[in-house]
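Could you build the full structure based on these sequences and the hints that come with them?
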Amino acid sequence: MAQFRLQGSRVLAVDLTGDSVKAKNGAMVAYEGDMTFKKKTGGGEGLRGMVTRRLTGEQMAVMEVKGHGTCYFADRASEINLVSLHGEKLYVESSNLLCTDSALRTGASFTGLRGSAQGNGLFTTTVEGTGQAALVSAGTAIVLRVTPQTPLQVDPGAYLAHTGGLKQHFQTGVNFRALIGESGGESFQIRFEGDGLVYVQPSERNTIGGEL
Amino acid sequence: MPFTLLTSRMVEAQVLPGQTLFSQRGAMLAYRGDVRFTPSITGGQRGVRGMIGRRIADEDTPLMTVEGQGTVMFGHGGHHVQVIDLAGDTLYVESDRLLAFDGSLRQGTMFMGSQGGVMGMVRGQVTGQGLFTTTLEGHGSAAVMAHGGVLELPIGPGRPVHVDPQAYVAHRGDVRNKLSTAIGWREMVGRGSGEAFQLELSGTGMVYVQASEEKL
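Quick note, the sequences are listed as chains A and B, same order. FYI, in my numbering the residues of the first sequence are 1 to 212. FYI, in my numbering the residues of the second sequence are 1 to 216.
The set of hints was computed from the structure by calculation and includes no laboratory data. Keep in mind that the hints are not guaranteed to be accurate.
Which stretches of chain A does chain B cover? Using the computed rule of at least three CB atoms under 8 Å from a CB of chain B, they are [claimed, not checked]:
1) 71-82
2) 127-133
3) 148-159
In silico negatives: residues of chain A with every beta carbon more than 10 Å from chain B [claimed, not checked]:
4) GLN7
5) SER102
6) PHE110
7) ALA138
For every residue, glycine included, the Cβ atom is placed at its ideal position computed from N, Cα and C.
Right, dumping it as structure tokens:
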């Protein structure tokens, strides 16, 4: 299986021994050894997955990197976070997904209103199986645990990814009067309930919620 | 004249009497002591002849001469800074990535298009860095800028390194570079992986790669 390791906080090194990984198109910065790069039209799950992603806008420009040696990936000097999956499902925006082990399956999942407030569309990418994935974030992400006793509210713009059995819904912290005119700048949050982990980045994307 | 990294984006240089330092014009952030900054009209060393060479090669980033006694802090554009110490070998770097360098290093320009035949000529176009590059040779230090952190990859016999042209920062040593493609023609037409071209660096030395595919 491909070995993922961080070289500093902004470069991902992947050691390959004849196996392959899927990576964001164009994210290779250097390699040693023999590598081939091939564009994947869909990003997994064959034709059905591709059609779903076309419809949902979670179309990933993905390439398959195969070979012997070490391949280095980076994306606009963003910080990189490693996530090890052991059968569970990771939810993440495709734009934040840098590289995944080819043993992991990728798909799309409906997020509803949350996505539109994040400015990310109504669907998100899912990564499932056993293996490693690398996420890019604006600043080093922190991982927060959610338990049934301790739900978590996250700014939609700072939300990066989550795993586990979590229910999420959208909430507003303001009443109607505050929505028109003045606002505290924290109009919307995503509330996570259940059992799982949420990855939060120390930066806020521009969101529809954030502009209210 | 050693450089000391103060943060990942700021470097401090010792200036001693009788020694000269060159830096990109306007890159001084602060200084202590008695230090003079003079615009270097010839853009570096070797007088007018050197200047003409750099003009022709488009490697004539405005420089200033730093002299006196004290310490000077340099930084530019919030870019990451990498200090490279040379011990008689040659550093190849684009002039606009050079933040500051020791005046004891010999500065020159080199035609890179001569390496790797036609693909070598294409190299400049693909990297967006022109066909010439600046060289620094001798004993001393240089501070080089990069977008994002810098990865140092050693190049050895039978162990070439392939680099994305946009992520390439600099290299040193006895290294040949040529443009290579890792894909077939079928992939090149219409459906690229985004990794159509790489710089293949072979020989003995080191290549510096930035964690980004953005130009400075």
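Evaluation of the provided hints:
no.: 1; hint: 71-82; in the structure: holds (count 5)
no.: 2; hint: 127-133; in the structure: violated (count 0)
no.: 3; hint: 148-159; in the structure: violated (count 0)
no.: 4; hint: GLN7; in the structure: 6 Å, violated
no.: 5; hint: SER102; in the structure: 15 Å, holds
no.: 6; hint: PHE110; in the structure: 29 Å, holds
no.: 7; hint: ALA138; in the structure: 13 Å, holds
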